[in-house]
Amino acid sequence: MTALASTAGASASGSVAERAPAHRRSPERIAAALTLVALVVASLFALNSLGISLPSMLESWSNAERFFTRVGTIRFPEPLELVQLTALTLGIVVTGTLFAAICSVPIAYLAASNTTPGPGWRAAARFITVFTRALPDVVLAMVFVLLFSLGSLPGILAIGIHSIGMISKLFADAIEQIDEGPRRAIRAAGGSKLQEFTSGILPQVLPSWVATVLHRNDINLRGSVVLGYVGVAGLGLEMSHAFKSLNYSLGLGIAIVMFALCVLMELISSAVRRAMLHGGRASGGPLAATTAEAAVRRPWTGARVRTTVWGWVTAALLIGAIAVCNIQWGDLVTVWAKIPPVAAQFWPPSFGAYDWTRMSGAMLETIAIALAAAVLTLLASIVIGSLAARNVAPNRGTRAGARFLLVGIRGVPEVILAIVLIVITGLGAQAGTLALAFGGIGLAGKLIADSLEEVKGGPERAITATGASRFQRYAAATLPQGAPAIIGHSFYLLDTNIRAATILGIVGGGGIGYYLLNAGQGSNYGVVTAIVLMILVTVLAVEGLAMWMRRVFR
Amino acid sequence: MPSPLIEVRDLDKRFDRTLALHGVEATIDRGEIVVLLGLSGSGKSTLLRHLDGLETPTSGSVRVLGEEVPRLRGRRLRALRGRVGFVFQQFELVPSLTVLENVLTGSLARLRGPRLGLWSYPKRLKLAALGHLDRVGLLDRAYQRADTLSGGQQQRVAIARALMQEPEILLADEPVASLDPESSEQVMALIREIAMDAGLTVVCSLHQVDLALAWGDRIVGLRGGRLVLDTPTEGLGKAEVMEIYGRVATATAELEAIETELADASAEARPDRAEPLAEGAGR
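Which chain is which? The protein sequence lines are R and S, in order. Take any residue in the first sequence, note its place counting from 1, add 239, and you have its number in the working numbering. Take any residue in the second sequence, note its place counting from 1, add 1076, and you have its number in the working numbering.
Hints in this document: simulated from the structure, not taken from any laboratory. Treat the hints loosely; a few may be bogus.
Claimed, not checked - Straight-line Cα separation of at most 20 angstroms, DMTMM-like style, residue types lysine to aspartate or glutamate; simulated pairs:
id, chain 1, residue 1, chain 2, residue 2
1, R, K432, S, D1286
2, S, K1199, S, E1131
3, R, K432, R, D412
4, S, K1199, R, E532
5, S, K1199, S, D1210
6, S, K1314, S, D1273
This is chain S alone, in the form it adopts within the complex (with noise of 0.2 angstroms):
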């Protein structure tokens, strides 16, 4: 039996005074498809971010593909990273660089030295972005500013840019919460099917119940920066989810969840395509 691929232990991390995340313990083995349940500020960003070596954390163990991830250093830390794929809320493209060039970044791990411009990529790298492309379906935008799309076909973008990095673990943080209904059920439908076809290992963040329970293969939920759930979805209504919830809440943070999700929905259900503009530019 080989080693877990992502092993997670006694993770604790502190930012100045609050606790983001508290003694959580996760173990995800190759292939899984793995939904991280929560609503904003229960620590499913920064566990993810964990994963990728964004964050250090204040203590415990992460490992991943074999390597203790808050030891790795420089060289060592990037090789990890251009092996676990990264699909942000907010798409994070260049907004000023073409489409094509965009993904080409998700080949930088493996190149040496800085790039700017289509010229300084190798032929043989822009035939495989082109073919990444092709598969999220957007080879025809391939050399129009990535500022151009619309949300959904952006974060298809950012897919095809991971999918260059051609990693063994995809991370995704809230990768539909900017997007409209439409939008949304076409890129989780994408990320699903890549995730099967390449047999990727899929670790997604997400904060609605029913998108979780339709989607993944198994739920890890958390509160507070605490792990509250862990379980497979198959055989598994909503009623229970929130039921497992209830067990380890109190009626009244029961009663805000719910709110917070009817909150999420309805600011979920405006127009996208300004906002990560308008965040950028706003300060």
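With the rest of the complex left out, here is chain R (with noise of 0.2 angstroms):
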């Protein structure tokens, strides 16, 4: 006692102000902080310019009053008719899907930093990640409807090398993640670089590996709609065909189709998911026999039976997949006589009878879009996610309202919403950005819940030890820990806005995408590639500022 308070006499020189150190902040924490400032601002900006408010909103409801009144009813396709388009759209995004995940192995395994046999390797295998992630679907799309004129090729190589990029970045990261000591002991047991592959990592990572593919096809088939707008086969050709003729009765049909299409295969995925995650699990009790030769022999348990079933249809159902496209196999062969020639058309860059001033300003207009549409987002999601975390929820009923919630946003493909949204308002970007703000709070939010779920309860304890209301608790344990995982999230969702607000303008809701697509349907390759390098240009800078903010926020 008595060297306690000695101790606290000796050191009382002065009073605790003067002698508490200086809050030092590295300079780069400040630099990135007034970066996330800016963007702020920005964002609100943006919101600004595009005229999104509520009167806006309001007056839009009764331009979509007046649509109705014109079109009149919903007209579908002739039912053998809807079946062949809906066979052939699948089985271009099944094949497409099926193709990245096949070329993502290797790259994954070049880029994973625990498996790549060198940094050379590496970089390269980054390099493919980035690029193809960064190369819109739609401008593959229209390079190769010119290389192979018709047929499915288009779409399947178009979906396939643009979902490279994020599906052999998963893959990496999962190898990433795997548990070494498998792996070690089959090295120590003499395996091979091969061996430990397949026998110490892939089993390891099969089941994200498949959840990862599971979740590309989903967002393919999103996806697929648009590039029907440059000419590949399928529901969105017909349903941009509709539109174009002024039929909006039929667009509006093959929407709603594409529309119950994508929300059953989000189903389909998610349940085969959660299968994965809780049946693979699913063990036969001992074994009977006591020889090796009896137990040579493996017993047919229902689970086994089970996964030999799902096995099966599964390869017949990839299998239809690939047969319903028709690849015509022989143009692989011939299609490299063509490349040079087409090639020379989109080089080089120019832009045209476009001036920069028009050209930035389409270009700013997007990023504006995708802005907006980000803080709507964060916005809503911050508090759906919250209240969607176990650890915040104030009772179960909230959560699982909360989740539930999510999944049905998350089950709404964006892309179609804004199509339907803008034909129906006819307003472009306000259209587009609210479709993009809303689908975006389906994902958002389930990011946020679960990092949110992952802080470390310890801190949440001490606090509500100390008196805190559950709110007090909420801004001062859970949120400061959650924080970098939303930053993080925040970026991925501005990331992924910019890609899809591209892709918006094509469809009519403005920025550039209205001018890639008249270049391309003008033939004025040239602009295609100079609007393709802006928005690489864009991509990249918003991808080195996210990699950037999650080191500094980490």
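With the hints in hand, could you dock these two chains into one complex?
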């Protein structure tokens, strides 16, 4: 007791405020924080410049009413045609995703820090990942339509090549997260690199890989409708024809079919993911056999029958998807001769009839749409996401309700929602922004909820123990711990929004996409190249910014 | 007189700035059952990993089965690893594969190309693997997922996997440090039985003096990366071992050593099953 008092007395030469060390922040952190503030201000300006406000939304509602009185009823294609179109669309999407998944395996192996043979390989694989992700699938489709003219190959290759970016990135992340132990054990037993991969790594990453591919397949189905606008066969092409010939009732009918298809696919893939997560652990009881000879035949337990049946069903579906596409394999050989002349049309990049101010203005509008949508999404998803987090929600009912809402929103394909909104309200950029903002809530809300649930429980308990209220605990312990993750998610959102906003222009949502489609249809391929370069620079800049933010606010 | 199975000469291993092994010398003959004794951080694991070519020495020589291990590359290194079984503290089974397939991965060095799924292994090897599972008393678990087994069972599967290699040497790195006392006893007894039956040479690292004395034929002691003890266990008491330790260590270091041993002993009493999984997923 006396010892304590004496140390306290010895150091009490001045007030506490004087003795407290100065609050230092690193310059990098200050710069990052300022950037963050600047982005928020820019988003608010963007909201303002796009004219998004309550009165304008009400006005668009009256627009919609007028639209429906003019259009009348919604029509669907003939049943047989509808089935064919649906099968072709699904076939192209699934085959494209499968192609991407197969290509992604070696790229992920080279890109993952724990499997890469060397830094050079890793850099090359990373480059492929970033580059294929940054190239919009619509642009790829434009190029491939020129190369292959008809058939399903343009769609498959556009979807396939664009998807490699995301799939190989997530594949590589999964490889980096494995438990190294089993792999080391295979190495210690004398296994080769390839055996290490198949026996030690693959079984660990397979569930997450399958989930990634299913997830990407959903995204591709949603995006496939836009590919129709540049000539890829399927439902999207029919829809763009319908709208172009002002046959709105048929166009909306196809949009509704597409909508239902996306929701259905989402339900199927989430059911498969769940089954894999829980069913995979099913393990039969002990074996009855008492000798090795008797035990060599594996008994047909319920779990084994199920796995086998589903395995064959999956294989049949994949083969069916490829068969439906009716791929002209010969084209893959003859195409190489066509590449040089087509490539020559795309070079050099030029603005053609447009000037720099017009193009940069359009690019800025795309960025404004992305920013405005992101800030709207974040506002909504921080509220809903927090309520969906177990450690924040006041009761279980609230959490379940919020989670359900998020799943429901996630099921809505935003591009199709945007098309419908744009057509109905006649307001390009505003409708696009709202659709994008709404669609983003599903994913951002879920990511935020998951990140909040992952924070350490100790600090929360400590804050509760001081007598703080539930809301104080949320502000003092939960949110600060989750903040770095939320900043990361925000940039992910911005990143996807920029890509989506480009696409929106193609379907009439304003911004650079409009000029992209125009240039493509007018065969001004030099302009296409110029616009793609602008998009690439923007996307890479946002991605670089996101990486920097994640590093600083870790 | 044939040359020794394992011969380590003046082995140094440096990680960044710390010297993990310094001037280690050891010779082990065929059929010996040797305990590497030392506290955590003494360099036992590093030494064992050198014997299987999982680490390359900073300097010095490591000869195993007549091969200079650090010089081996590619196919020849894998061939050597195939002749040396390795049992890990955390078992290191592939959690989502069946027990049988985990055992079969022990035969990869003798097979060409990648394998995934039971169908990809020949029946002859499956029979052998089932035989090894029978040997460790887990035949009835053959088709269960590895992560449905308890820690002790998983370690027995890992031993079966090592046996699948038909090894001449068995290396075990703290094989029972993650197990409860009862499973520990089973696993240690099993390793010794198998070694005696097959005439295996065993090098097993441990940190408990009592267990080392009761189990091994010979104790090689490490402290701070240096070899401080190399003696047969016959007629040796715990006090003597501790005394030998005492002679090379200062009084305070000895006190610390005993404290650490106590801490390890209490850590050992914790349930073990969740540990390897949590450690893998934790990052």
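Hints, one by one, checked against the model:
{"no.": "1", "hint": "R:K432 / S:D1286", "verdict": "40 angstroms, violated"}
{"no.": "2", "hint": "S:K1199 / S:E1131", "verdict": "34 angstroms, violated"}
{"no.": "3", "hint": "R:K432 / R:D412", "verdict": "19 angstroms, holds"}
{"no.": "4", "hint": "S:K1199 / R:E532", "verdict": "10 angstroms, holds"}
{"no.": "5", "hint": "S:K1199 / S:D1210", "verdict": "16 angstroms, holds"}
{"no.": "6", "hint": "S:K1314 / S:D1273", "verdict": "28 angstroms, violated"}
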